[in-house]
Amino acid sequence: MILSVGVADLVAALRRHELWRVLALYQLKRGNARTKFGIAWHGLSFFILVGLMGFMYATFMHRPLDLYVPYLAAGQLGWRFISPMITEGLTVITGGRGLLTQRPFPISFLPLKLACYHLYLSGLHAIAFIAILAIYRIIVVPNPLLLAIGLVIVTVAGVGTALLLGIASVFHRWLQNLIPSLMNLAFFLTPIIWMPNMLVGGDANHLSVDLTHGFTGRSTFVLLNPFYYFLEVVRGPLLGYQVPLIFWFVASSIAAALMVCGLLILSRTKPRIILNL
Amino acid sequence: MRNTASSLRLFNASLRFPAQMGRVGNLRIAREKRADVGSELVEVGPGRYAVQALKDISLSLVPGDRLALIGGNGAGKTTLLRVLAGIFDLDSGLREVNGEISTIFNMRLGFEMAETGYDNIMLRGLIEGHPRSMVEMAVDEIADFSGLGEYLYMPLETYSAGMLARLAFSIATAWDASILILDEWIGAGDAGFLKMAEERLVTFVDKVQILVVASHNGAILRRFCNKAMVLAHGSLVYEGEVDAAWKWFQDHQKAKFAD
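Residue numbers (the numbering used here), protein chains in the order written: chain A, 5 to 281; chain Y, 3 to 261.
Bound-form chain Y, shown alone:
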């Protein structure tokens, strides 16, 4: 799998989230106040609304691509990441994937606080979809890097927030992926660990063929990405170099506040 070229493509991808009945209140009256944030609200029936989270998004990623997703709150970044990861199916359009996708949305996903660090390494490995035997091979490396030592024999409820973050980070970056999808750049721990973590993350990211990362941190995006897309209200509004896209996004944000 590692040797074959990965790819990740979307053709005219659209997706709507149904709004639960009874929660939309007097939306019809309030509709004159158009929101700066969020995606378009569409009326799909009498008194029934849906959030048009993504509208006609097309993209094509090949090995070497490092895509930055830029956009304000509710622009559709997270939804797009989840579509790329295969969590949400599309209403219309196509998704095409070659390669193994690894996602880091919530580093603490599935942690069992009453179980030991070692048990949680196994648990998280299984959640990632690796067989037990493969997780067993990686356990020592994860344990070493986390620096948690004897604490790995203790239940997670005895850990501090920073220690939890160390363990989560060590697990999340343990297995190579061919396509990596990140919602916000990740990092963990105190000053000493933060430096180690960054080195590990850079090596980890360098090994992947395709990277997609959504972030509000322009410096991070400029450092690690080589192409960018700006989303607004669920649509793709700008595509190009990271620097140019970031500048375009900043200018538009400013223009909005100047109005």
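With the rest of the complex left out, here is chain A:
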């Protein structure tokens, strides 16, 4: 089968979870080594930035705090997982040179470690998220089951993307220069700091895109953005609002497609990857 090399590699990498979990943890600690609060800084910086940003933007855009602050915080939480899986995914294989040239290692080990690191980081962001809600005295009712499904979808998509882009940029290094700047653009194009219905013109108190008026140019702009689907399957369950079923289908289909593409490129290029590092 054309995917067999890639699948075997992924299975071998999954078996080494003890190692990538440890490495992800050390990476987390390394970021804030020798600071007083250590890894808590990851959460603290999220708390300070998003906490203040929530107040500022709610004021600028005349949104009620109890609607806007959790929306922004949940969106930031999701985006800070999705975006680095792409930007750091680009360098995850080339950056693994030290390990890959010293002993035989499955290539997918590195994307898995990256995803694990960002899940840990998201855990710290989630604590900050709760703290922000507590400060503003806002109560949200998450849906844990749907949240878990949403996390699985974005994680699969993230690992697939990191594998795909990580390998592609071994052979085409310019991707490492181009894509991060495009991701800055994507941040503003995706409904994170703005709410889709401010653009689409639907019910402003409805957090998911309002499609009761059918498809318009503006709603199509929102719906053509793949990042929006991934954000919604995390943000919806986290804030407890209803996400249309079609969003779950689109997000999981793209995630599966990304994983298959990642494994396909891995199967086709595996022997050449290490020689080109």
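If you are wondering where the hints come from, they were derived from the structure by calculation, not from laboratory data.
A few of these clues could be false.
So the derived list for chain A, only partly shown, Cβ under 8 angstroms to chain Y, looks like this [stated by the list, open to error]:
(1) Leu18
(2) Glu22
(3) Leu23
(4) Val26
(5) Tyr30
(6) Arg34
(7) Ala37
(8) Thr105
(9) Gln106
(10) Arg107
(11) Pro108
(12) Arg272
(13) Pro275
(14) Ile278
(15) Asn280
Using N, Cα and C, we set each Cβ at its ideal position, and we do this for glycine too.
Chain A is already provided as a structure; the job is to place chain Y on it using the hints.
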């Protein structure tokens, strides 16, 4: 696994490294100056070059074999070791392995300087591919041998270079292997530790079924190996007894400088 006979074989193994575009400069003009070192440069397309790191290498190792790899800089020793270890896939030819391979290329591989000695023992054990439970069983022995005592509770950044080397060596030689591949002979520490380290290394090496070691140290190779191969420009140019191979290599080096 320990009881079954290990083997390590290569059939007509060849490997090329692509040279990155834009880095080859005026190579075409400079090609008259043939290098004494390195492997052959081959043109694989217009203005594109590759390093022919290995060319048609065949070898067959069985239990009891202690192979010395001899060669000048860039002759392909390290590449060959990495092929044997399964890190590089071959462009053509076959590699066949029975047994567990253990490599010591970089003793400090994966060390986390901000973590404690104990944490690094676990980390390195996991990198070697051992499950957590197995590493836990070996921790005390490694800690004892390293002689680092209370320092094992301190982060590695507080260690001196010699202390780091002690820890690295103690970990690298902790788990038995059936096939051992060494890039340069290893040793570590001050005079006292060096003697202990050598004893430990000799016991460690004696237990392996197959040993492959690349080194520029003729005395070491003669002491521990029972067969030798000389590499030049990625090809196998001499095969035989260690003494004879070493002498052959020395004579050829001299002849080159006499030219």
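To see whether the hints hold, each was checked on the structure:
| no. | hint | in the structure |
| --- | --- | --- |
| 1 | Leu18 | violated (14 angstroms) |
| 2 | Glu22 | holds (5 angstroms) |
| 3 | Leu23 | holds (4 angstroms) |
| 4 | Val26 | holds (6 angstroms) |
| 5 | Tyr30 | holds (5 angstroms) |
| 6 | Arg34 | holds (6 angstroms) |
| 7 | Ala37 | holds (5 angstroms) |
| 8 | Thr105 | holds (6 angstroms) |
| 9 | Gln106 | holds (5 angstroms) |
| 10 | Arg107 | holds (6 angstroms) |
| 11 | Pro108 | holds (4 angstroms) |
| 12 | Arg272 | violated (13 angstroms) |
| 13 | Pro275 | holds (4 angstroms) |
| 14 | Ile278 | holds (6 angstroms) |
| 15 | Asn280 | holds (6 angstroms) |
Against the hints set out earlier in the document, violations occur for numbers 1, 12.
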